Amino acid sequence: MITLYGISNCDTIKKAKKYLTDNNIEFTFHDYRKEGVNTQMVAEFADKLDWEQLVNKRGTTYRALSDEQKQNLTKKNAIELLVEQPAMIKRPVLVNGTDFHLGFKAAQYDEIFK
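Every number in the working numbering is 7 more than the matching position in the sequence shown, counting from 1.
In case anyone wonders, no lab produced these hints; they're calculated from the structure.
Careful, some of the hints might be misleading.
[What the hints assert, rightly or not] Derived DSS-like pairs: lysine-lysine, alpha-carbon spacing no greater than 25 Å straight-line:
id: 1; residue 1: Lys41; residue 2: Lys24
id: 2; residue 1: Lys83; residue 2: Lys22
id: 3; residue 1: Lys97; residue 2: Lys82
id: 4; residue 1: Lys82; residue 2: Lys121
[What the hints assert, rightly or not] Simulated restraints on C-beta separations:
id: 5; residue 1: Leu72; residue 2: Lys112; range: 33 to 39 Å
id: 6; residue 1: Gly104; residue 2: Thr28; range: 27 to 33 Å
id: 7; residue 1: Lys21; residue 2: Asn79; range: 18 to 24 Å
The model shown is predicted, which means the values in this text are computed figures rather than measured ones.
Think of the CB as a built atom: it goes at the ideal place given N, C-alpha and C, for glycine as much as any other residue.
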């Protein structure tokens, strides 16, 4: 079972969904805004992926954090922040069975699904 996690209006999500659809790869989409996130889900992402990479540092939500919050970011408080602010989770997270992948590039997906 393949699950793509993200936010439906995100351009990168749109590209990933198009790639999967164009390549006849069945998947389900979990929209953080509609279906939510929880501590267990985000903690699993943080365990399977580099938790520091999981935090989208380019987005407006991250940039709105105080300097103190940014400087004192740990895995534990990052998980808490990501649960409170799912838009801050780098997108997409692709779960393919037991494999977790972060971000989208066509070449990366070519390798995953070859």
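We went through each hint and held it up to the structure:
1. Lys41 x Lys24: 17 Å, holds
2. Lys83 x Lys22: Answer violated: Lys83 to Lys22 is near 31 Å, above 25 Å.
3. Lys97 x Lys82: Status holds; Cα separation ~15 Å.
4. Lys82 x Lys121: Since the Cα atoms of Lys82 and Lys121 sit roughly 33 Å apart, the hinted pair is violated (cutoff 25 Å).
5. Leu72 x Lys112: 33 to 39 Å: 27 Å, violated
6. Gly104 x Thr28: 27 to 33 Å: Check failed, 19 Å falls outside 27 to 33 Å.
7. Lys21 x Asn79: 18 to 24 Å: 34 Å, violated
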